[in-house]
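*Asks:* One letter stands for each residue in the lines below.
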Amino acid sequence: MISITINRNISPSIKFKDNSNLRKLKNRIFKIIIIILSIITISPIVLILSKLVIKGFRQINIDFFTQVAPDTFEAMMAIASGDVIPGGIANGITGTLLIVIIASVIAIPIGVITGVYLYENQGKKYANLIRNLSDILQGVPSIVLGIIGYLWVVLRVTNGFSAFAGSVALSIMMLPLIVRSTEETMKMVPENIKEAAAALGVPYHKIILRVMIPSSFSGLLTGILLAISRVLGETAPLLLTTLGSSFINLNISKPTSAVPLLIWNFYNDPNMINLIWSSSLFLIGLVLALNLIAKRIIARREK
Amino acid sequence: MKENNLDIQNPILSIKDLSIAYVQDKYAVKNVNAEIERNAITAIMGPSGCGKSTLLRAINRMHELYPNINTKGEILLHQENIYKMDTIKLRRKIGMVFQRPNPFPTMSIYDNVIAGYKLNGVKLKKQQRDEIVEKSLQDVTLWSEVKDSLFKKGTFLSGGQQQRLCIARALAYNPEVILLDEPTSALDPIATARVEELLVELKKKYTIVLVTHNMSQAARISDNSLFMYLGELVEYGKTNVMFTNPIDSRTEAYLTGQFG
Numbered sequence: 001m002i003s004i005t006i007n008r009n010i011s012p013s014i015k016f017k018d019n020s021n022l023r024k025l026k027n028r029i030f031k032i033i034i035i036i037l038s039i040i041t042i043s044p045i046v047l048i049l050s051k052l053v054i055k056g057f058r059q060i061n062i063d064f065f066t067q068v069a070p071d072t073f074e075a076m077m078a079i080a081s082g083d084v085i086p087g088g089i090a091n092g093i094t095g096t097l098l099i100v101i102i103a104s105v106i107a108i109p110i111g112v113i114t115g116v117y118l119y120e121n122q123g124k125k126y127a128n129l130i131r132n133l134s135d136i137l138q139g140v141p142s143i144v145l146g147i148i149g150y151l152w153v154v155l156r157v158t159n160g161f162s163a164f165a166g167s168v169a170l171s172i173m174m175l176p177l178i179v180r181s182t183e184e185t186m187k188m189v190p191e192n193i194k195e196a197a198a199a200l201g202v203p204y205h206k207i208i209l210r211v212m213i214p215s216s217f218s219g220l221l222t223g224i225l226l227a228i229s230r231v232l233g234e235t236a237p238l239l240l241t242t243l244g245s246s247f248i249n250l251n252i253s254k255p256t257s258a259v260p261l262l263i264w265n266f267y268n269d270p271n272m273i274n275l276i277w278s279s280s281l282f283l284i285g286l287v288l289a290l291n292l293i294a295k296r297i298i299a300r301r302e303k
Numbered sequence: 001m002k003e004n005n006l007d008i009q010n011p012i013l014s015i016k017d018l019s020i021a022y023v024q025d026k027y028a029v030k031n032v033n034a035e036i037e038r039n040a041i042t043a044i045m046g047p048s049g050c051g052k053s054t055l056l057r058a059i060n061r062m063h064e065l066y067p068n069i070n071t072k073g074e075i076l077l078h079q080e081n082i083y084k085m086d087t088i089k090l091r092r093k094i095g096m097v098f099q100r101p102n103p104f105p106t107m108s109i110y111d112n113v114i115a116g117y118k119l120n121g122v123k124l125k126k127q128q129r130d131e132i133v134e135k136s137l138q139d140v141t142l143w144s145e146v147k148d149s150l151f152k153k154g155t156f157l158s159g160g161q162q163q164r165l166c167i168a169r170a171l172a173y174n175p176e177v178i179l180l181d182e183p184t185s186a187l188d189p190i191a192t193a194r195v196e197e198l199l200v201e202l203k204k205k206y207t208i209v210l211v212t213h214n215m216s217q218a219a220r221i222s223d224n225s226l227f228m229y230l231g232e233l234v235e236y237g238k239t240n241v242m243f244t245n246p247i248d249s250r251t252e253a254y255l256t257g258q259f260g
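Quick mapping for you: the protein sequence lines, in order, are chains A and B.
Residue numbers for the first sequence follow the working numbering, so the first one is 1 and each next one is one higher.
Residue numbers for the second sequence follow the working numbering, so the first one is 1 and each next one is one higher.
Looking at chain B on its own, in the form it has when it is part of the complex (with noise of 0.2 Å):
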């Protein structure tokens, strides 16, 4: 990293010196070391290609789904180092949303929510069981827009509505940190705005890291941005202060819109 303004005390997550290839030798993330605030959130903004989701991916250790991808370095979630944990432990402590909504499709709105729990064998009672979905729709803001047809499937709601869903599931195994990949790149300006607000919302409960094309997305909602450029972290700060006086000229010219 090239510049840094950030001094993190007590991170959440750290990023240290983490680099993958997707070919050998071709790396999409060269060396990024990062730390990640507790009850923020962080947005990793940058043009197509620049390694950004593939940095996101990493922190949940998806990219394990897949063959041949290697990643050297290391990250480490209160100083332990995931690579080293249990996968299906880590992704439980780190919840994922995608760029498309995706639900079960096999799945009624209330089995999606808690598909967490239902997927992994944990035995509830119907009591916790409502409780959990009604808390979890609650928090996303969905439950009185669906309380009346939650044995409908989730692929029957709009885009949006899918999207909220989708976050409502990853909170409802409450999980530590929550990782967005462009939760709202598939969704209307007024679907997008809505999920701005509830993320707001929800980073006085967890931690937040979102990958983001949209610049002034970042500018409204994050606290620190992360800017990638070809695979490398160029600058990394406090969103307001990166936005209004950036360090490096790259960062610079993304922001002001020269290229991206």
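This is chain A alone, in the form it adopts within the complex (with noise of 0.2 Å):
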């Protein structure tokens, strides 16, 4: 017969007291001051989009999509009458969608080029002067870029407001986005894959193509959604670049509107309060469903 005989008396000079209780009240406190807290921060999102939702959902309509912003004095009657304004902000949202597209056609080859170019020459002195300088051009005020859009394609390219101007400004914006994260996927990619591709004696570029490219396309394309969920609200730079029009515009030398600028617009017109809000909803709605799309691909490539 074994028998184990366990020594419980370690250390018999520490005394334990028994202050259970107070214990559990402290880590009772310590949570609630955490779910305040967290109430706190997510109140204003909440707050915003229902608010959005209360205000705008009674203006969000088939017209909403398909027509352009109505007249101040269309709006007055309406609600004299107490209708819903008629029209929409169909000027706003193709111009929105041109301005953008041209933006990431300019962007993304450019800002994954450099990408790539930093990533294969990492604690080089020339990528390390890139990589700060596109750090910097991340926090020039979109302003600033609005400026420099007037400066050098409003007055030298095109001669006068043009969606392309501002596509010009956002591209600029959206370059050190894409910079950054397309160094950053990247480098996540085992550097075995690179090797196993070299010893095929695959050339330079075609790893970098058809292997490295590739092997990260999810977090280049994540990069390049936040990049434009980034720009999709920007006022500033759009107000000295594409200046608004009250048509649907698709020619890249003119005059174009956008959402955020019918939201300007709407603000300074007492009449349009109401589109205010649908616009807004509208803009949010599509920055969430860009953001979520991304967040989507983040957790597939995680899997």
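Some clues are possibly wrong.
[Unchecked claim] Estimated spans, in silico, between C-beta atoms of each pair:
1. Asn-214/B to Leu-133/A: 48 to 54 Å
2. Asn-251/A to Lys-84/B: 56 to 62 Å
3. Arg-296/A to Glu-74/B: 37 to 43 Å
[As the list claims (entries may be wrong)] Some chain B residues judged to face chain A by a derived CB distance under 8 Å, without partners named:
4. Arg-100
5. Gly-116
6. Ile-221
[Claimed, not checked] Which chain A residues face chain B? A few, computed with CB under 7 Å, are given here:
7. Ala-80
8. Arg-210
9. Pro-214
10. Ala-294
FYI, nobody ran anything at the bench for these hints, they're computed from the structure.
As the structure is a computational prediction, the values presented were derived from the model and not from experiment.
All residues carry an ideal CB built from backbone N, CA and C; glycine is no exception.
Two independent chains are provided; combine them into the complex using the hints.
*Replies:* Quick look at the structure:
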């Protein structure tokens, strides 16, 4: 028969006070503080969304997406008779799409190529300089980029306010975001994948194009989507470059409207207040959707 | 080299006075001279940090992917200096398998096998491609396991299967030499045994150079062994001779487990 004795008096000199009730109380207080703080953190977005839904929902109908913005007289008459304001923001939606698509066409190739360059030249002087400049670019106020767009494009290239000038300003905003996210995702591709390709005798440019970029594709896409959602709501640079338009315009060399510009216009017109809510709701919805798609892509990649 | 009891006629590879430094004047490989026998398994052994992987990776000029690695001396493939060859052509003749299985994560099993052709833009007919994939996978005894899931991602396979897939990828391009850098260190004993059997089978057609941390692996499958210590080639000989009757005292100490 084997008997095992366990010495329970390992350190008899240490006496534990039974203060478990006090500890439980402290625990509870701490938990309550955390809950209160997190409610404070999320309350702005909840309040904003609920306000926008309540105030803007009534205005969202088919016309909202297919008609251009009404003039102030139409809006005044509708309000007087208690109807919803006629018309919509179709000129803003098409304008925003046009401006952002052209901005992406400019920023994505340059940003991705620069990001790949930075990844391939870690620790080199010139690459570090570019990385730092790109970080500084990220801190440049958007109104300044608007002025740049005005000086470089409005005055020199398109000789007047144009969608293209707005796209240039927004693409400069997107660039540092895409550069950084490209570099970071490329870093996450294991080195041995690159070596595997090199060991097969694959030339350098094909390793980048056919192995590295496909392997980090979801990361690149996420960075691009976040950059787009970042510039979707930009107003200040567009005020100085695309100006705005009451018509649907698809000519990149002509003044063009955009959803944030319309919101600004509606704000300056007391009869259009209701359209502010619905336009803002639309814009936030768009940004949220892009963010959710980006999150889904990240989650899929991490699986 | 201190001791060499090998006399290799018509070697496929000759390493001459090879020194490699990662940091200026600190050599990870010092003045190595060795000749590699055709259609044989040559094992490079030694304790961690002895320069065995560094030596192996010099043979297909993998070091050139990274800056600041300084290489002196030469390596001849069929009497032709590899440092004067085009790296791309060289790497097509000398395939490599890595420590961790690294199938391309975006490609299917099928595409992984023919990745060498695909990424190099070699156009093949579908029939040729099917043939190469089937033959390469049969060579690594993976065909029966994956023939119904050829178009699934290679990364869904087990570690051992992935490693055999990586060997198939190297074979598909029909190299003359296959370099393996501790190919079984990330695998379990059963997968290791299968890879070892495979290598013994493959030496009939290819020349195999294997880095291993595992002495018993070198003893089991290799024909010739190089023992390296602190960047120097200490002893090079027939494996069965070296394991039973080592000449250098350091080799003996390592083989009897006194360090390593």
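*Asks:* Confirm or reject each hint.
*Replies:* Hint by hint, here is what the structure shows:
Between Asn-214/B and Leu-133/A the beta carbon distance is about 50 Å. The supplied range of 48 to 54 Å therefore holds. Range check, Asn-251/A to Lys-84/B: about 58 Å between beta-carbon atoms, so the 56 to 62 Å window is met. Checked against the given bound of 37 to 43 Å, the beta carbons of Arg-296/A and Glu-74/B, roughly 53 Å apart, lie outside it. At a threshold of 8 Å, the smallest CB-CB gap from Arg-100/B to chain A is about 6 Å, leaving the interface hint in force.
Of the supplied interface hints, the one on Gly-116/B holds, with its beta-carbon coming within about 4 Å of a beta-carbon of chain A, less than 8 Å. Given hint, Ile-221/B at the interface with chain A, is violated; its Cβ is 22 Å from that chain's nearest Cβ, farther than 8 Å. Interface restraint check for Ala-80/A: the shortest CB-CB distance to chain B comes to about 61 Å, outside 7 Å, so the restraint is violated. About 5 Å separates the beta-carbon of Arg-210/A from the nearest beta-carbon of chain B, less than 7 Å, and the hint is met.
Of the supplied interface hints, the one on Pro-214/A holds, with its beta-carbon coming within about 4 Å of a beta-carbon of chain B, less than 7 Å. With its C-beta approaching chain B no nearer than about 20 Å, Ala-294/A sits outside the 7 Å limit, and its interface hint is violated.
The structure does not agree with the numbered hints 3, 6, 7 and 10 stated previously, though it agrees with the rest.
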